[in-house]
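In our numbering, the protein residues as written are 123 to 331.
Certain hints may be false.
Claimed, not checked - Label pairs and their in silico Cβ distance ranges:
hint	residue 1	residue 2	range
1	Asn263	Glu152	28 to 36 Å
2	Ser233	Val170	19 to 27 Å
3	Ala253	Ala158	38 to 46 Å
Stated by the list, open to error - Below, a list of computed lysine-lysine pairs in the BS3-like style, where the Cα atoms sit at most 25 Å apart:
hint	residue 1	residue 2
4	Lys314	Lys198
5	Lys157	Lys243
6	Lys243	Lys297
7	Lys283	Lys208
8	Lys208	Lys314
9	Lys283	Lys314
10	Lys198	Lys317
11	Lys297	Lys208
12	Lys208	Lys243
13	Lys299	Lys198
14	Lys317	Lys299
15	Lys204	Lys172
16	Lys208	Lys157
17	Lys299	Lys283
18	Lys157	Lys283
19	Lys157	Lys198
20	Lys157	Lys299
21	Lys204	Lys157
22	Lys317	Lys208
By construction, these hints were calculated from the structure, which means they are not laboratory data.
For each residue, glycine too, the CB sits at the ideal point set by N, CA and C.
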Amino acid sequence: MSKNILLYTFSALLSLAAFNSCKESEEVGEYDNWKARNEHFIDSISSVAKANADGSWMVIPAFNLSEDFGNDQDPKYYIYVKQLQKGSGTDRPFYNDSIRVHYSGRIIPTSAHPAGLNFDKSYSGSELDAATDVPSLFCPNQNVVGFATAVMNMVVGDRWKVYIPAYLGYGTQGKDKVPAHSALIFDIQLAKIYKYQVDTDTSWWVKKR
123 MSKNILLYTF SALLSLAAFN SCKESEEVGE YDNWKARNEH FIDSISSVAK ANADGSWMVI
183 PAFNLSEDFG NDQDPKYYIY VKQLQKGSGT DRPFYNDSIR VHYSGRIIPT SAHPAGLNFD
243 KSYSGSELDA ATDVPSLFCP NQNVVGFATA VMNMVVGDRW KVYIPAYLGY GTQGKDKVPA
303 HSALIFDIQL AKIYKYQVDT DTSWWVKKR
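Let the sequences and hints guide you as you build the complete structure.
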């Protein structure tokens, strides 16, 4: 085999390797086709929630939908709830009430974060310690529509896993660690409701061990 042929063959192999390397990088990009992936994820969750095979799922329309919303079945207008624990309360918070909640928020799994990037949580450790961790205090109206919709349908003691379409989350802009078009996955436990202009003491006392 001549030197020119060897050189040509070696160059071709290098080019093929470079092409395959680029192709693999494109295929495993953490946020490639992110909008489509998130929409597909919510569509899948929507199907599971609507089937409600084990009776633990709920499909809840966004609280701020207009009266002429009708019966639009587009998944982006709903949150999807997996009930993990049922509370014993009877009251539900209104938009301007104050609440205390334990929560953890993630986006859908990626190559770098197989469990989904944890972008926010109410406790400092890796796991919630309900005996010592103080629930966060805020109003439903301080949150994205999907989160507000969830807590306004909860009673004290409820713990839900909530799936929120990007449209009811941070939408096309994203926020901080959350890329645009991200579905949000929250684990939420409602700990206390303080009624607007009635319960003025919102302190939280943790029992000592």
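Each hint, compared with the structure:
1. Asn263 to Glu152: 28 to 36 Å: Holds - the Cβ-Cβ distance for Asn263 and Glu152, about 33 Å, lies within 28 to 36 Å.
2. Ser233 to Val170: 19 to 27 Å: About 24 Å separates the Cβ atoms of Ser233 and Val170, which means 19 to 27 Å holds.
3. Ala253 to Ala158: 38 to 46 Å: 42 Å, holds
4. Lys314 to Lys198: 29 Å, violated
5. Lys157 to Lys243: Within the cut-off at roughly 24 Å; holds.
6. Lys243 to Lys297: 15 Å, holds
7. Lys283 to Lys208: Holds, at about 12 Å.
8. Lys208 to Lys314: Given pair Lys208, Lys314 holds - Cα atoms ~14 Å apart, limit 25 Å.
9. Lys283 to Lys314: Within the cut-off at roughly 18 Å; holds.
10. Lys198 to Lys317: Violated - the C-alpha atoms of Lys317 and Lys198 are around 30 Å apart, more than 25 Å.
11. Lys297 to Lys208: 31 Å, violated
12. Lys208 to Lys243: 21 Å, holds
13. Lys299 to Lys198: 21 Å, holds
14. Lys317 to Lys299: 32 Å, violated
15. Lys204 to Lys172: At roughly 11 Å apart (the allowed maximum being 25 Å), Lys172 and Lys204 satisfy the hint.
16. Lys208 to Lys157: 33 Å, violated
17. Lys299 to Lys283: 20 Å, holds
18. Lys157 to Lys283: 22 Å, holds
19. Lys157 to Lys198: 12 Å, holds
20. Lys157 to Lys299: Judged against 25 Å, a Cα distance of about 16 Å means the pair holds.
21. Lys204 to Lys157: This hinted pair holds, its Cα atoms lying about 23 Å apart.
22. Lys317 to Lys208: Holds, because 21 Å separates the two Cα atoms, which is no more than 25 Å.
Hints 4, 10, 11, 14, 16, counting from the list given before, are not met by this structure.
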